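Enquirer: Sequence:
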Amino acid sequence: MELSKRQEEIIEIVKANAPITGEHIAEKLHLARATLRPDLAILTMAGFLDARPRVGYFFTGKTGSELLTEKIKQFKVYEYQSIPIVVKESVSVYEAISTMFLEDVGTLFVVDDKSHLCGVLSRKDLLRATIGQKDLNQIPVHIIMTRMPNITICRKEDLLIDVAKILIEKQIDGVPVVKDTQDGFEVIGRVTKTTITKAFVELTMDKR
1 MELSKRQEEI IEIVKANAPI TGEHIAEKLH LARATLRPDL AILTMAGFLD
51 ARPRVGYFFT GKTGSELLTE KIKQFKVYEY QSIPIVVKES VSVYEAISTM
101 FLEDVGTLFV VDDKSHLCGV LSRKDLLRAT IGQKDLNQIP VHIIMTRMPN
151 ITICRKEDLL IDVAKILIEK QIDGVPVVKD TQDGFEVIGR VTKTTITKAF
201 VELTMDKR
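First residue of the sequence shown? That's 1 in full-length UniProt numbering, and the numbers climb one at a time after it.
Calculated directly from the structure, the hints in this document are not laboratory data. Among the clues, some could well be false.
[Stated by the list, open to error] PhoX-like, lysine-lysine: derived pairs with alpha carbons at most 20 angstroms apart:
hint : residue 1 : residue 2
1    : K88       : K124
2    : K62       : K124
3    : K15       : K88
4    : K170      : K193
On a predicted model such as this, the values are computed, not experimentally measured, just so you know.
With these hints in hand, go ahead and build the complete structure from the sequences.
Expert: Spelled out as structure tokens, the structure:
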């Protein structure tokens, strides 16, 4: 988060005089209290300042990078998950390759007749299937997919940073976001490396 000159001045005043009221900060800057209200709100919400009723403002002692780290650790999967791209386990490898190309994704989630997760298809899986003189229209994806319980999943309330760590550790492009049902996992979203990148870009642009 990039601070304005006035916001930086406010922080320095609070550092030197805490606890200090908004009125006293305004006096030191020779400004009206109402003029400072938006800046004080931003600095408080961003975590630079702490406000206590009838006491005043305190400096939290946290740097911008520390505040960014704290904010990142609060991101939940449901805030950033995207629409999952799924295929039935009965479709052919050729159809799966076409779907992956048309949807421009690196991972497909395979579901059974009840629409429950039963497998995952990566680019590597499909590329491996194309090696040799095989008729890809005759090979169903359930033959080459990664099956449960060897599928990494996440849930919408999980922390995005934890999913990011999983993507790195397992060297995979994406994971399905699932909802638990009596008969299995219902796929409700996906988190990919692109998802993580978008979250970091959005954070640096201060859109949250």
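Enquirer: Against each hint, give a clear statement of whether it holds in the structure.
Expert: Cross-check of the supplied hints:
no.	hint	verdict
1	K88 with K124	holds (19 angstroms)
2	K62 with K124	violated (44 angstroms)
3	K15 with K88	violated (60 angstroms)
4	K170 with K193	holds (12 angstroms)
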